[in-house]
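For the record, the sequence lines run as chains A and B.
If you're matching positions, the first sequence starts at 49 in my numbering and goes up one per residue.
If you're matching positions, the second sequence starts at 3 in my numbering and goes up one per residue.
Just so you know, the hints here were simulated from the structure itself, not pulled from any lab data.
One thing to keep in mind: the hints can contain errors.
[Said to hold, decoys possible] Below, in silico cross-link-like pairs of lysine-lysine (BS3-like), each with a Cα-Cα straight-line distance of 30 Å or less:
| id | chain 1 | residue 1 | chain 2 | residue 2 |
| --- | --- | --- | --- | --- |
| 1 | B | 29 | A | 76 |
| 2 | A | 79 | B | 6 |
| 3 | B | 220 | A | 76 |
| 4 | A | 63 | B | 6 |
[Unchecked claim] Residues from chain B shown here face chain A by an in silico Cβ test under 8 Å; the list is partial:
| id | residue |
| --- | --- |
| 5 | 3 |
| 6 | 18 |
| 7 | 128 |
| 8 | 135 |
For every residue, glycine included, the Cβ atom is placed at its ideal position computed from N, Cα and C.
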Amino acid sequence: MHEAKIAEYSLSIIKEVLIEKYPLLDKKVTKVVFAIGRPYTVMRDSFEFYFSELVKGSFMEDAELVYEYVEQEGFYVSSLDVEE
Amino acid sequence: MEIKVLKNVMIKNNSIGADNRAFFREKAVLAVNLVSSPGAGKTTLLESTIDKMRSKYKVAVIEGDLYTSRDAERLEKFNIQIVQINTEGGCHLDARMVSGAIKEINIDDVDVLFIENVGNLVCPASFDLGEAKRILIYSIAEGADKPQKYSTMFKTADVVLINKVDLSTACRVDVDHVEKEIRSINDKALVLRTTAVDPHSLREWMMWLEGEIERSKKSKD
Ligand SMILES: Nc1nc2c(ncn2[C@@H]2O[C@H](COP(=O)(O)OP(=O)(O)O)[C@@H](O)[C@H]2O)c(=O)[nH]1
Ligand SMILES: [Mg+2]
């Protein structure tokens, strides 16, 4: 169930980063890379379900979501691709 | 264009947890996070523990529960500070909820703060609340295989109490075997055996706890 909260946290981190570069949030995000770290308790499908709900109708609606598994602890937003 | 972010999402929780921890340390309060599956005996352990220690130490409790305040009601008889957190379906407490609850407690009047987490053997493992110690209550009735199955919870515990030892025969569970399974996952945790309904079984637990409270009080001077 905490996937919902992690999706929320992720979105707020992404917004913080974007607003710094594009204060108007007028760029479309085309790809987001997440890194799932140990202890791997975040379920990908469940996370994606909540995240997709949160970004419906937004500048991120069509972003491709990509996942990597890493050794460090935690759950990371690794990188974003933004349209030119 | 690619933007590198590389931010740990859990930092949102963990940074609040770190603030809580600093606050507890400054106030010389021992904060204890009680985790277990539903029904393993968290509230019962609190009842027996608080009854034994309240003449000596000032106790406060944060009660995490999905929807009800039934556990908090069980503790009202002790005349201690209790704050109820209802997670409204959420499967664990997080640091922000605890940070909110602390504001309702007169912390200068507290030596030890017990935080009863939501009954769940999975999610609470991932959420630091800022506690000094994490106590996992594991009921013998859950069998010997759960430490392996829910290993994250066992790995992150400072103390594991094997509870309901009085039921081992009825449940056909060998307590030594359970203890071995726990140690195979976490060899640093203190593992004790308890029967929370029987205060006499809590001697070692109480000794450990009082030692920690004294240590946290001293750290202030
Ligand atoms: N026989 C026995 N029953 C216990 C023990 N500890 C708790 N219980 C019972 O287990 C049930 C659930 O306990 P409770 O403290 O509410 O569990 P919690 O959900 O973890 O807070 C209650 O009926 C308790 O009386 C124990 O050591 N032995
Ligand atoms: Mg309870």
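Hint-by-hint comparison with the structure:
About 47 Å separates the Cα atoms of residue 29 of chain B and residue 76 of chain A, which puts this hinted pair outside 30 Å; it is violated. Distance hint between residue 79 of chain A and residue 6 of chain B is fulfilled; the C-alpha atoms sit about 12 Å from each other, no more than 30 Å. Of the supplied pair hints, the one linking residue 220 of chain B and residue 76 of chain A is violated, its CA atoms being roughly 55 Å apart against a limit of 30 Å. For the hint linking residue 63 of chain A to residue 6 of chain B, the alpha-carbon distance of about 13 Å falls within 30 Å, and the restraint holds.
Taken as an interface hint, residue 3 of chain B checks out: its beta carbon lies about 5 Å from the nearest beta carbon of chain A, inside 8 Å. About 11 Å separates the beta-carbon of residue 18 of chain B from the nearest beta-carbon of chain A, more than 8 Å, and the hint is not met. Interface restraint check: residue 128 of chain B against chain A, minimum CB-CB distance 5 Å, threshold 8 Å, status holds. With 8 Å as the threshold, the beta carbon of residue 135 of chain B stays out of range of chain A, its nearest partner Cβ sitting at about 19 Å, so the hint is violated.
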